[in-house]
Amino acid sequence: MALVEIRKLTRQFRKGGEVITPLQEVSLAIERGEFVSLMGASGSGKSTLLNAVAGIDRPTSGEIVIEGVDITRLSRGALADWRAAHIGYIFQLHNLIPVLTAYENVELPLLLLPLSAAERHKRVEIALEAVHLRDRAHHYPRQLSGGQEQRVGIARAIVAHPTIIVADEPTGDLDADTAEQILGLVQRLNAELGMTLLLVTHDPRVAALAPRQLRLERGRLIEAGGGESRAGGDRHPRSV
Amino acid sequence: MPKFAPYVFKSLWRHRSRTLLTVSGSAVALFVFCFVGSVQRGLARLTKDQAALRTLVVFQENRFCPATSRLPEDYAQMIGQLPGVKQVVPIAVFTNNCRASLEVVVFHGLPPDQLRAVRQLTLRSGSWSDFDTRTDAAVVGQAVAQRRRIQVGDRFTIGDVTVSVVGIFRSAAPAEDSYIYTHLEFLQRARGKNSVGVVTQMDVHLHEGAHPDQVAAAIDARFRHGPVATTTRSKGVFQRDTLADLAELIGLAHWLACACVGFLLALVATTTVMAVQDRIQEHAVLQAIGLRPGRIFRLVLAESILQSLGGAVIGIGAGLALLAWGGLAVGAEGVTIAFRPSLDLALSGAMVAAAAGFLAGLVPGWQAARTEIVLALRQG
Numbered sequence: 008m009a010l011v012e013i014r015k016l017t018r019q020f021r022k023g024g025e026v027i028t029p030l031q032e033v034s035l036a037i038e039r040g041e042f043v044s045l046m047g048a049s050g051s052g053k054s055t056l057l058n059a060v061a062g063i064d065r066p067t068s069g070e071i072v073i074e075g076v077d078i079t080r081l082s083r084g085a086l087a088d089w090r091a092a093h094i095g096y097i098f099q100l101h102n103l104i105p106v107l108t109a110y111e112n113v114e115l116p117l118l119l120l121p122l123s124a125a126e127r128h129k130r131v132e133i134a135l136e137a138v139h140l141r142d143r144a145h146h147y148p149r150q151l152s153g154g155q156e157q158r159v160g161i162a163r164a165i166v167a168h169p170t171i172i173v174a175d176e177p178t179g180d181l182d183a184d185t186a187e188q189i190l191g192l193v194q195r196l197n198a199e200l201g202m203t204l205l206l207v208t209h210d211p212r213v214a215a216l217a218p219r220q221l222r223l224e225r226g227r228l229i230e231a232g233g234g235e236s237r238a239g240g241d242r243h244p245r246s247v
Numbered sequence: 009m010p011k012f013a014p015y016v017f018k019s020l021w022r023h024r025s026r027t028l029l030t031v032s033g034s035a036v037a038l039f040v041f042c043f044v045g046s047v048q049r050g051l052a053r054l055t056k057d058q059a060a061l062r063t064l065v066v067f068q069e070n071r072f073c074p075a076t077s078r079l080p081e082d083y084a085q086m087i088g089q090l091p092g093v094k095q096v097v098p099i100a101v102f103t104n105n106c107r108a109s110l111e112v113v114v115f116h117g118l119p120p121d122q123l124r125a126v127r128q129l130t131l132r133s134g135s136w137s138d139f140d141t142r143t144d145a146a147v148v149g150q151a152v153a154q155r156r157r158i159q160v161g162d163r164f165t166i167g168d169v170t171v172s173v174v175g176i177f178r179s180a181a182p183a184e185d186s187y188i189y190t191h192l193e194f195l196q197r198a199r200g201k202n203s204v205g206v207v208t209q210m211d212v213h214l215h216e217g218a219h220p221d222q223v224a225a226a227i228d229a230r231f232r233h234g235p236v237a238t239t240t241r242s243k244g245v246f247q248r249d250t251l252a253d254l255a256e257l258i259g260l261a262h263w264l265a266c267a268c269v270g271f272l273l274a275l276v277a278t279t280t281v282m283a284v285q286d287r288i289q290e291h292a293v294l295q296a297i298g299l300r301p302g303r304i305f306r307l308v309l310a311e312s313i314l315q316s317l318g319g320a321v322i323g324i325g326a327g328l329a330l331l332a333w334g335g336l337a338v339g340a341e342g343v344t345i346a347f348r349p350s351l352d353l354a355l356s357g358a359m360v361a362a363a364a365g366f367l368a369g370l371v372p373g374w375q376a377a378r379t380e381i382v383l384a385l386r387q388g
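Listed in order, the protein sequences are those of chains U and S. Residue 247 is where the first sequence ends in the numbering used here, and the numbering goes up by one at each step. Residue 388 is where the second sequence ends in the numbering used here, and the numbering goes up by one at each step.
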């Protein structure tokens, strides 16, 4: 059984009198340790799919089974607990807590887990080391560059050893050089640490870094390249 | 929750001007609350104390100001013969001001041999032997001494009365800390020759089992036909009647205390709502990381309660310090209400502040907890 199994996932929004369907019966399987990129134009539903997998948005119908748990059936509180234990979220705008230092930001997800202070300290040190920011541990976000902030965001995403890391346009707000460093780091998470990654981007060059590339068009998922096709639905875009 | 304490404190410190203004407002509100509470408790002590209900005060009929009540001193002997009466203490009262005032000075002249038996006074400085041997000696309540910077050895004059201070006392009854005790005869003579053999009131102490109302009626009946008719009431009722006008004002002050609580609630709620609105995205991030909505709610509540309690600590502390060291009292017609600090007052202030902080944080906390994560992240 795949680590992530998405079955006939549909998400609809109501905007005024109009019903918008960014995801239409999408099915997808992601194996443990896979690095999957998800491409698509603005409004194609890629972030909606990512947010559903991350458990911060609820689908209209369908199932998302991760490690045997259908997260669409979890209550709001239980879903929060599940996110704390299983999801590492890398935001486009890093979204660090401005009043906390880099160290405290990285430590945040660990405060929700039953860990001793010593264990938390050890894990934060390792995560900051992984993003080469140990020397900036006690700096506040305003004292860091955009790239450093995003690296802190990555450390925060990996520190709790999540089941899956989701990244929403992690380089969308960075200059080219910094973006390259960040993407190198993301690749290392998968290649060296074996972490399962789902990365959303609209940039084909970024998407190409992933061994498996998917494309969302008009609510349908298409296997665009890389590994074997395990995406459900049609291979070709179809209007919703 | 303690793990998130740094986040709560740092969030408050982030907008320190706003937090400090809120804390200051809370401090002012709690300061006023404490002050009003102290006045209310002072009045309650005077009127509801059990000892005050078992002691009778005999005053000249239809007289209210001590300056106008003139009872023959030999009434004491006659009252002492009535059934149920244990002891009668003739008292001359002189006050510099019969109207309501914060600067009232009240002299009580008692027979020196009775003073220590009927009043629970402890000398903080000076000696009782000096009081017994000097006719112009006065022992001064600590509140008056504090207010007027009076020390043992000082000599001062108020109106016609000049006394030598031989002791500063504290009393078990806070209102008495605002009195000055002298010899009865001295105070009578100080008021002029006409006042010799005349007292302002009699304090009548009753035997166990004696019914205060029946004894009071017997006293008034005994003197109904002169030479001076009397009105006898329990000390509590006497003090309540004497302070009736002030009591009405103090009743109004109760609403001032309520207004302070309302002000505190509105202030902390406004600040907390603003803080939550500023941090919609931050709360969404915290939820995305895995904080439960209930925890977000509690974090907001903690901020709200901390601001309210922070102000309370300052306001209550300042209020209690002023009450402790200011020696403040308000008096009318020779009866004073002492403003005294107490642990009970501090605790009730802290509880009011915590409750106001809790209530003020409910709606913003609920708003923060109900944040739609995706929507809030998009707004960033």
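Calculated from the structure, these hints are not laboratory results. Since we're looking at a predicted model, the values are computed, not measured. Quick reminder that beta carbons are idealized off the backbone N, C-alpha and C, glycines included. Where hints are given, some of them may not hold.
[Unchecked claim] Derived contacts from chain U toward chain S, CB cut-off under 7 Å, selection only:
#, residue
1, 64
2, 81
3, 84
4, 121
5, 124
[What the hints assert, rightly or not] Capping the alpha-carbon separation at 20 Å, the derived lysine to aspartate or glutamate pairs in DMTMM-like fashion look like this:
#, chain 1, residue 1, chain 2, residue 2
6, S, 56, S, 162
7, S, 201, S, 81
8, S, 11, U, 210
9, S, 11, U, 88
10, S, 11, U, 132
11, S, 201, S, 82
12, U, 15, U, 77
13, U, 22, U, 64
14, U, 22, U, 38
15, S, 11, U, 111
16, U, 22, S, 249
17, S, 18, U, 111
18, S, 94, S, 216
19, S, 18, S, 286
Hint check results:
Hint on residue 64 of chain U holds. Least Cβ distance to chain S is approximately 5 Å, under the 7 Å limit. The restraint placing residue 81 of chain U at the interface with chain S is violated, with a minimum CB-CB distance near 12 Å, outside the 7 Å limit. The interface hint given for residue 84 of chain U holds, since its Cβ lies 5 Å from the closest Cβ of chain S, which is under the 7 Å cut-off. With 7 Å as the threshold, the beta carbon of residue 121 of chain U stays out of range of chain S, its nearest partner Cβ sitting at about 11 Å, so the hint is violated.
Hint status for residue 124 of chain U: violated, given a least beta-carbon distance of 9 Å to chain S, over 7 Å. Distance hint between residue 56 of chain S and residue 162 of chain S is unfulfilled; the C-alpha atoms sit about 36 Å from each other, more than 20 Å. Between the alpha carbons of residue 201 of chain S and residue 81 of chain S the distance comes to roughly 14 Å, so the proposed pair stays at or under 20 Å and holds. Proposed proximity of residue 11 of chain S and residue 210 of chain U is contradicted: the alpha carbons are some 40 Å apart, above 20 Å.
Simply put, residue 11 of chain S and residue 88 of chain U have alpha-carbon atoms about 16 Å apart, close enough for the 20 Å limit, and the pair holds. A distance of roughly 18 Å separates the Cα atoms of residue 11 of chain S and residue 132 of chain U; the hinted pair therefore holds under the 20 Å criterion. Proximity of residue 201 of chain S to residue 82 of chain S is assessed by CA-CA distance (about 17 Å); at most 20 Å being required, the pair is judged to hold. Straight-line distance between C-alpha atoms of residue 15 of chain U and residue 77 of chain U comes to about 13 Å, which keeps the hinted pair within the 20 Å bound.
Taken as a hint, the residue 22 of chain U and residue 64 of chain U pair is honoured in the structure, with Cα atoms around 17 Å apart against an allowance of 20 Å. With a CA separation close to 35 Å, the supplied pair residue 22 of chain U and residue 38 of chain U exceeds the 20 Å bound. Only pairs whose Cα atoms come within 20 Å are accepted, and residue 11 of chain S paired with residue 111 of chain U is accepted, the gap being roughly 11 Å. A C-alpha spacing of about 71 Å is found between residue 22 of chain U and residue 249 of chain S, which places the hinted pair above 20 Å, so the restraint is violated.
For the suggested pair residue 18 of chain S and residue 111 of chain U, the alpha carbons sit about 11 Å apart, so the restraint of at most 20 Å is met. Using a Cα cut-off of 20 Å, the hinted pair residue 94 of chain S and residue 216 of chain S holds, with the two alpha carbons roughly 9 Å apart. Restraint check: the Cα-Cα separation between residue 18 of chain S and residue 286 of chain S comes to about 15 Å, which is no more than 20 Å; the hinted pair holds.
Hint check: violations occur at hints 2, 4, 5, 6, 8, 14 and 16; the rest are consistent with the structure.
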